[in-house]
Amino acid sequence: MGDHLHQFLRSDAKDNRDRILEVAREVFATDGLGVSMREVARRAGVGPATLYRRFPTKKDLVVEAFMDEFGRCREIVRTGFDDADPWRGFCYVLTELSELQSENQGFTEAFLAEYPDVVDVRSHRTEMVGEFADLVRRAKAQGDLRTDFVVADLILFLTANRGLASTPPENRLFAARRFSALMIDAARKSPTHQALPRHLKR
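In full-length UniProt numbering, the protein residues as written are 1 to 202.
A couple of the hints might just be wrong.
Unchecked claim - Using 30 Å as the maximum straight-line C-alpha spacing, the simulated DSSO-like pairs for lysine-lysine come out as follows:
| no. | residue 1 | residue 2 |
| --- | --- | --- |
| 1 | 14 | 58 |
| 2 | 140 | 189 |
| 3 | 59 | 14 |
The hints are simulated quantities; they were obtained by calculation from the structure and are not laboratory data.
Throw the hints in and build the complete structure from the sequences for me.
Below is the structure:
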């Protein structure tokens with residue numbers, strides 16, 4: 001009985017933590033980082049004591065929420081990278097990143113503006129970009145991805161995807177899926193495609 005109770009308490013604590021972080025990401029994305037800890041606790045349905053026990057300071061909560069968000073990005077890229085079918089993995093990455101970004105518009109930018117030196121974002125991004133670059137190479141070799149697609153096009157895609165912030169919240173997920181479908185179709189190799197503009201060195 002003791003072991004079962006201990007396991008239940010651990011599971012309940014994890015559920016509370018996950019719920020707090022999910023709410024924190026949503027609240028910080030929509031209302032900014034100035035939202036109070038008490039407001040986060042209220043929206044998460046937990047008491048302030050529970051919130052402070054897991055996250056003693058506001059900074060602790062914001063950093064953990066960001067790392068959780070970044071971890072989801074890394075997991076998306078890793079899942080696509082591990083797919084035996086590189087084109088399917090490529091499509092998965094674009095679709096899932098678009099949907100994830102549409103959920104929490106503005107949170108990453110707000111975090112980096114407020115805490116620019118807390119997390120070594122560059123090293124994390126370097127690893128993700130490396131995996132995505134290999135996925136791009138394999139999808140091209142497979143013959144499904146247009147040969148003039150470059151890794152920087154993913155950044156272009158995500159930058160454009162941020163424009164979904166102006167879409168009403170209830171329509172963002174649909175818009176993200178539609179936008180990623182359009183981008184995937186544009187990235188698919190086709191004899192009718194015009195060549196993409198090339199960067200010109202000055």
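Going down the list of hints, with the structure as the test:
no. : hint         : in the structure
1   : 14 with 58   : holds, 19 Å
2   : 140 with 189 : holds, 8 Å
3   : 59 with 14   : holds, 20 Å
The structure meets every hint from the earlier list without exception.
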